[in-house]
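J.: Numbering-wise, the sequence shown is residues -27 to -1, 1 to 128 according to mature numbering (1 follows the signal peptide of the UniProt record, and there is no 0).
Hints should not be assumed to be uniformly reliable.
Simulated restraints, written as ranges between beta carbons of each label pair [stated by the list, open to error]: (1) Thr47 - Arg21: 27 to 35 Å; (2) Gly65 - Asp101: 27 to 35 Å; (3) Pro45 - Arg21: 29 to 37 Å; (4) Gly48 - Arg103: 30 to 38 Å; (5) Leu124 - Ala20: 15 to 23 Å.
It should be emphasised that the hints constitute simulated quantities derived from the structure, not laboratory data. Remember, it's a predicted structure, so these values are computed and weren't measured experimentally. Cβ coordinates follow ideal geometry from the N, Cα and C atoms, glycine included.
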Amino acid sequence: MKTERTGYLFSCVMCVAMLLISSCATKTDSARKAGTDGPLAVLEDPARGESTSLGGTGRLHVSDRCVELELPETGARRLLAWRSAQVEWTSGTIAFTTANGERLTIKAGDSVTVSGEDLAGDEPVVRDVRWVAEPDASCSRDVFIVHDASLVAPR
């Protein structure tokens, strides 16, 4: 009887320990709640490494479904995709952690410069893309993954 009770107690303690460990884990992509990314297209990405390919400088357009960068030279829009470890959507603004660790708040109408990488470049590349928040079908198909961003001072 005592060994059965000890075994049961041990099982209970182990279950509680597992629950505590899983709930105390640091913020992970799977911890993101559905709908909390607003119109952001977000890739599951720990943001290790940085690409410095220039995505462009332009005005940020934010709709209910998309966050796009309008390039002034052509008027074309690029859908901005964000790495999950660097971005949060908060009350209509984008809270972004830059490559040097600074917190940047970006909103609709801001002029920004972004660097990173094209989702689909000129050369075919096999990618394991895991979306935390998939881009809406109505958004631009020209997708640029943001690794770094900066605000452009008004002239």
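J.: What hints, given by number in increasing order, does this structure fail?
T.: none
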